[in-house]
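So the sequences go chain by chain: S and U.
This note's numbering applies: residue 60 is where the first sequence begins, and numbers increase by one.
This note's numbering applies: residue 2 is where the second sequence begins, and numbers increase by one.
These are calculated hints, taken from the structure and not from any lab test.
Keep in mind that a hint or two might mislead.
Claimed, not checked - Reference listing, derived: stretches of chain U covered by chain S, where coverage requires no fewer than 3 residues with Cβ under 8 Å from a Cβ of chain S:
{"id": "1", "stretch": "161-174"}
{"id": "2", "stretch": "404-413"}
{"id": "3", "stretch": "428-438"}
None of these values were measured; they are calculated from a predicted model.
Even for Gly, the Cβ is constructed at its ideal location relative to N, Cα and C.
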Amino acid sequence: MSRSVIKQRKRLTPRWAPYVLLMPFLVLFAVFGIFPLLFSIVLAFQSWDPSSGLASMTFVGTENFSFALGDDWFWKSLGSTFTLALLSGVPQHLVAIPLAAFIDRTFGRWRDPVSAVYFLPYITSSVAIAILFGALFSKDFGLVNSLLHAWLRGENIDWIGRSETLGPVVSFIVFWRYLGFNLVLYLAALQSIPRDLYEAAELDGASAWRQFFHITLPGLRPMILFGVTLSVIGGLQIFEEPFILTGGKGGPDQVVMTVGMYVYRTAFEFNDFGAASAMSWILCAIVAVMTWVTHRAFKTDGSPR
Amino acid sequence: MPSSPRLLPSSPIPGLRRRRLLGAALSTFTGSALLAGCSPQESPNQLTVAAYPQIDAVVEQALQSWRAQHPGVTVKVVTRQYGDHHTAMTTALSTAVGLPDVMALESSFVGRFAHGSGLEDLSAAPYEAHQLRDRFVAFAFDQGTNANGRVLALPTDIGPGTLLFRQDLLARAGVSVENLTHSWESFVDAGLAIKQKTGAFLLGNAQTLKDILIRSGLQPGQSLYFGSDHEVLVKSSRFERAFELALKVRRNQLDARVNAWSNEWAEGFKRGRLSVELSGAWMVGQMAKWVAPSTAGLWRAAHLPESTFVSYGGTFYAIPRLSNPQRKAHAWALIKHLTLDTSRQVQAFREVDAFPALSQALDEPFFDEPLPFLGGQPARQLWREAARRITAVSVHKQNSFADEVVGTELDNVLDRGKSITAALADAHRVLVRRARR
Chain S
60 MSRSVIKQRK RLTPRWAPYV LLMPFLVLFA VFGIFPLLFS IVLAFQSWDP SSGLASMTFV
120 GTENFSFALG DDWFWKSLGS TFTLALLSGV PQHLVAIPLA AFIDRTFGRW RDPVSAVYFL
180 PYITSSVAIA ILFGALFSKD FGLVNSLLHA WLRGENIDWI GRSETLGPVV SFIVFWRYLG
240 FNLVLYLAAL QSIPRDLYEA AELDGASAWR QFFHITLPGL RPMILFGVTL SVIGGLQIFE
300 EPFILTGGKG GPDQVVMTVG MYVYRTAFEF NDFGAASAMS WILCAIVAVM TWVTHRAFKT
360 DGSPR
Chain U
2 MPSSPRLLPS SPIPGLRRRR LLGAALSTFT GSALLAGCSP QESPNQLTVA AYPQIDAVVE
62 QALQSWRAQH PGVTVKVVTR QYGDHHTAMT TALSTAVGLP DVMALESSFV GRFAHGSGLE
122 DLSAAPYEAH QLRDRFVAFA FDQGTNANGR VLALPTDIGP GTLLFRQDLL ARAGVSVENL
182 THSWESFVDA GLAIKQKTGA FLLGNAQTLK DILIRSGLQP GQSLYFGSDH EVLVKSSRFE
242 RAFELALKVR RNQLDARVNA WSNEWAEGFK RGRLSVELSG AWMVGQMAKW VAPSTAGLWR
302 AAHLPESTFV SYGGTFYAIP RLSNPQRKAH AWALIKHLTL DTSRQVQAFR EVDAFPALSQ
362 ALDEPFFDEP LPFLGGQPAR QLWREAARRI TAVSVHKQNS FADEVVGTEL DNVLDRGKSI
422 TAALADAHRV LVRRARR
């Protein structure tokens, strides 16, 4: 009898089982999610030479924030971020919505394989993508210049080495990568639009264009809000593609050095963790404001949909 | 009605065995993960050396003789890529977690870490490293010493600057080595002749000319961009001249507008489109091994124009202040083993082009041997002289940021027609805000 009691005590009781089973996630989330977040709040108010250890931190109040707000390079990186976010984000939706409608109407049972093809870049390693595009857009030995040279016979364009062309190249890569993701979102949303609306429109003699503008687009509105919100948040946090493509520097005149990259460089290259933390919180506030603006812009006049 | 959950554990059904197994696995996983995260090697006889490629090979090579002399002390070499290594070292110093006993550092990082207190003061007892100063090339030892006279790292290899040129292209253009090296102005004029007669570019990028010119004429211990009281120096004549000559190079299309280590840069050497390279002596090894082995015999070396003597990189060994104190004596013995032995220094030079920082090693017969890649020229003699004439440059905390700001402003001058005065004024404004951070 006493042996079975001891045995029972050793076992996982239902009271603790959920916590223990959740523990792997909770531990990882605490270590890699909560702790860095709290630590960066602390750092944003400190001056710290990391190579001297944690004990060398000194409280400086809001000095890091005032430094960040007066830093030319912070505003420059913010400008680069907004430019890249717009150049890559807007076309994603302008192409994904009609493309989703086209695939939905045209491909029938082949719809899923076709959308999977578009989705592939999204699940491909961003390192591989950046290296691939780096080779494609290489000045002297890239495929893009070879094709252009064959057709137009002009001088080779230094796509990655010139500030005028690097922004569009990075935007194109981001657009290409996330188009499939948005396509899948819109294809899913299209399934929720009642088919009888289209049938009724057909009977009334509405053309495909009128159906698109008067049934499809309004039906997609909630998903457009969701997709655009994700694009705003993702666009303002672009990091991997320009980082890898430009060797972490941001290219000539730092034209594609996004805020994310500048924060990383300020901390790890320029050894200023305090300013970097302050900048990341300013970026967080900007993302929040832009998300709110997006919601306001897509809100219908009446009740929210 | 299902049984009460409280009774389930005693049930022998297979599902519950699985649950028990899962619990055991979970506790093993979390337990071992926690242990792995915080288990320092407590043995005083087990050293860890953190290094990056090529230096790791030098250390591994030296361990054969180390084991014979210190049979009870094992050494583990942890290698990361260059950038990752220095990021990892910064993190380790900041948290005092995962500190190696010996860390290899590239010279610019020694300068950066010298401002903090993360590295052990090797001039203090029991190390007394300042007594070793005469054994090293002077500038290299000084580079590992901070403004307060504390020795924070011992040098193992250096990169004396050299000018490599294509002998055949110079001959076709009727340009002599004297034309190329008399002054920086004559260097650019020689480039004009080379371009005109052979079509080859003088340089890969005009930025490299600026990089070296701003180092020219520095007094010992001076910093590139900042004065002793953090005043910003970028509006000085040193920078104006560097920008003017770089602009002349670009305007006359004497640079191929390619960045070092890019595919285009390597192809430029392979195809004879680049006639000159300004770099550290170690570049000859890189050129001979993979950049342009097919051009062997066509290159020669000379001192940099205007008798400019500068260093391109270098490697040091340091002991973290907060590493395990029980192992510091062995760590120091290992550093001395790696840096003070002539034969090992020469072996490292022979195998991975690590130019010795040990003075004594520079007198070895190896330095008189002809170099096949340079058409049999005994160029190591030249580099030895350069090494002895280089002076140490102080590294300001904001050095890497200033590097980038000035480089960007030069791009603005070269590509966007910005005036040199305006560019330097803008760089000055940005750096003034940073100087005291």
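Against the structure, the hints:
1. 161-174: violated (count 0)
2. 404-413: holds (count 4)
3. 428-438: holds (count 4)
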